[in-house]
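Grab the two chains, each in its own frame, and use the hints to assemble them into the complex.
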Amino acid sequence: MKLLTHNLLSSHVPGLRPGGGFPLRIELGHPSELPPEPVPNYEGDEEFLRRLHHVLLEVEVLEGALQCPDSGRRFPISKGVPNMLLTEDEA
Amino acid sequence: VGCDRSKNLVDICGEKHFQAFVCDALSVPIRSGSCDACISIAVIHHFSTAERRLATIRELARLLRPGGTALIYVWAMEQEYKNQKSKYLKEKNGSKNKDKEMNTSTAQRPLSDQEPDNSSQDSALSDQLLNDFKDESCGAKTVADFRLPVHTNRTSFHSQDLLVPWHLKGGTKKKEENVDTVLVPGGSKESQELSPVFHRYYHVFCQGELEAVCRSLDCVRVQKSYYDQGNWCVILEKL
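Top to bottom, those sequences are chains A and B. Oh and the first sequence: position 9 is 9 in full-length UniProt numbering, straight run, nothing missing. Oh and the second sequence: position 208 is 208 in full-length UniProt numbering, straight run, nothing missing.
Worth flagging that the hints you see were computed from the coordinates, not collected in a lab. Treat the numbers as computed from the prediction; the structure is a model and nothing was measured. Check the hints yourself; a few may be wrong.
What the hints assert, rightly or not - Not everything, but these chain B residues come out facing chain A in the computed CB check (under 7 Å):
id: 1; residue: V1
id: 2; residue: N8
id: 3; residue: D11
id: 4; residue: G14
id: 5; residue: K16
id: 6; residue: Q19
id: 7; residue: F21
id: 8; residue: S27
id: 9; residue: I30
What the hints assert, rightly or not - The calculated lysine-lysine pairs, modelled on BS3-like cross-linking and capped at a C-alpha distance of 25 Å, are:
id: 10; chain 1: B; residue 1: K7; chain 2: A; residue 2: K2
id: 11; chain 1: A; residue 1: K79; chain 2: B; residue 2: K224
id: 12; chain 1: B; residue 1: K7; chain 2: B; residue 2: K169
id: 13; chain 1: B; residue 1: K169; chain 2: A; residue 2: K2
id: 14; chain 1: B; residue 1: K90; chain 2: A; residue 2: K79
id: 15; chain 1: B; residue 1: K87; chain 2: B; residue 2: K224
id: 16; chain 1: A; residue 1: K2; chain 2: A; residue 2: K79
id: 17; chain 1: B; residue 1: K224; chain 2: B; residue 2: K16
id: 18; chain 1: B; residue 1: K87; chain 2: B; residue 2: K7
id: 19; chain 1: B; residue 1: K90; chain 2: B; residue 2: K16
id: 20; chain 1: B; residue 1: K82; chain 2: B; residue 2: K169
id: 21; chain 1: B; residue 1: K169; chain 2: B; residue 2: K16
Said to hold, decoys possible - Pulled from the structure, derived: some chain A residues nowhere near chain B, Cβ distances all over 12 Å:
id: 22; residue: P38
id: 23; residue: E46
id: 24; residue: R51
id: 25; residue: H54
Quick reminder that beta carbons are idealized off the backbone N, C-alpha and C, glycines included.
The following block holds chain B by itself, in its conformation from the complex (with noise of 0.2 Å):
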């Protein structure tokens, strides 16, 4: 049985006669110690603090049965990894591919083994587009004025927490992602409408990050660590 946030991605999964419901992966609502196995592929890096993705983790952990397992695939920052880049980076400008809308909201990013540097990166913050989540009234805020950068897909990131945009293509029902382009070249007129974009909020990981936030909860034990395709992964067995 599947959950998400998203209603309407939901009942696309109803429409194809899977089992699914929708939920918010802070509260899921089933009985605790019920499942043999779990999976929470590219989820948790979309929540915004660590309090937030470590709760996740652990209502997750809540609902395994002692020695049943969880599977978790997150985003990495480093999209380079042992010199090879992800399947993210390598298709970068428009080349086709059938899952263009899963590469990029799935993780398959490279991941780099250098030790990643995120302080120096924060000077490209200020040349980047105002993200449309500032809060416009912040002259009210005593918090600092921290602005998210929006991302440059196919690229490497250059921040742990960032905005990923997406693309809706209009006048069809397929969503596509489209590379850094907002009109899109071509002869025909459908393709010559703008498409809104979307901003959708990531935390890629460093590597060791994922283990670590796994380590920190008692009721679990991390059983294999690894990259794949631009990912950080784990699996955990409930004690």
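Extracted from the complex, chain A is given alone in its bound form (with noise of 0.2 Å):
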């Protein structure tokens, strides 16, 4: 699953409120290379742009998870790809 694709994801947890399931958290078994916060002017820093592409475009999250940031509920990450699948109490 690559950032792109996570940006676009958000938990359909039934209940939740408006806007209440993104973004999901994503889990990693480790830490991330970003800064938590984009420097100001950040459009002509051209390591951190570099940086960021490659976050964006490059790095594909494996094994992990995806925490929905209300419920707490984890979608899995196996082989790069989320299961979103609800379960039928859940649904």
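Written out as structure tokens, the structure reads:
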């Protein structure tokens, strides 16, 4: 799962407040290489842009999970594929 | 980005380095209004009630931004259209085709332009094999005993609601569709093995049906409506 894909995904657990399912928290085995916030004037910062491009388009989460911010429900990612299926009881 | 209900199929997409995830078409985990375009190819005809089919289209429309467009393909009841048979009908009786699996699972059906008379085909039901989905304990049910006909591949449809056989060939990873046979004739030991048959539910659409379902939604406009190789197709625009 690329970060651009993650940007589209939202938790669809029933009963969430509007917008409560976005963004899903990415759970990895290791810490991220990006700073927590973009620096001011990041548009001109080549090094930052290079790292941002790398994370957006070249890094993929193979194994991990996506966590719904409101409900805490975890959606597993396996072999790069997020499984967003809800169980019969949840849906 | 792509999605499907089958984890195994989506895993194949992952192996090919495509972006894809597993989900149900009735509840797509994508933010509303975030797509410029969506496609739904040979999906909606697998939903077993009109309500669910409508809900699928409504969900598809939710994903679109205003002005965004959707393309929907579903199998057509009419497999001969304007006196032309679709590829699906033409490739009867084991003629070689590279995309055998594709032909049966995607919409590849000709459509006849005569008005389909579904009710007259119901008499064929009793002649069909009992389907695997028939409720064994139907004595306890109050609904009438309804049997879904099992389709004979590469023939015209006699009912809008039916089960289409799919033969999973044993011993090999590649899934092939074998027309009407379980035992494949041939010399090799492998081909003599029984291959399991799966029955997949389809609701094939009549001319105008898909368009009518889409028109019942206020949030989209039907931009285009056409027939293509045994499929009824629409292009929708989100309002």
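Does B/S27 pass the interface check with chain A, least Cβ-Cβ distance below 7 Å?
holds (5 Å)
Minimum Cβ distance from B/G14 to chain A below 7 Å?
holds (4 Å)
Would the stated hint for B/K16 survive a check requiring a Cβ distance to chain A of less than 7 Å?
Constraint on B/K16 not satisfied, violated at 11 Å.
Given hint A/K79 paired with A/K2 - CA-CA distance at most 25 Å
holds (12 Å)
Take a quick look at whether A/K79 and B/K224 sit within 25 Å of each other, Cα to Cα.
Measuring from Cα to Cα gives roughly 38 Å; hence the hint is violated.
B/K90 and B/K16 were given as a pair; does the straight-line alpha-carbon distance stay at or below 25 Å?
Distance ~31 Å between B/K90 and B/K16 Cα, so the pair is violated.
Compare the distance between the alpha carbons of B/K87 and B/K224 with 25 Å, and conclude whether the hinted pair is satisfied.
Given pair B/K87, B/K224 holds - Cα atoms ~23 Å apart, limit 25 Å.
Restraint outcome when B/Q19 is required to lie within 7 Å of chain A by C-beta distance:
This hint holds: B/Q19 lies near chain A, its Cβ roughly 5 Å from the closest one there, short of 7 Å.
Given the hinted pair B/K7 and A/K2, is their Cα-Cα distance within 25 Å?
Distance of about 18 Å is within 25 Å: holds.
Has the given pair, B/K7 with B/K169, been kept, meaning a C-alpha gap of at most 25 Å?
holds (20 Å)
Taking the minimum C-beta separation from A/R51 to chain B, is that value above 12 Å?
holds (21 Å)
Restraint check for B/K87 with B/K7, where alpha carbons must lie at most 25 Å apart:
violated (29 Å)
Checked against the numbered hints given earlier, the structure breaks hints 2, 5, 11, 13, 14, 17, 18, 19, 20 and satisfies all the rest.
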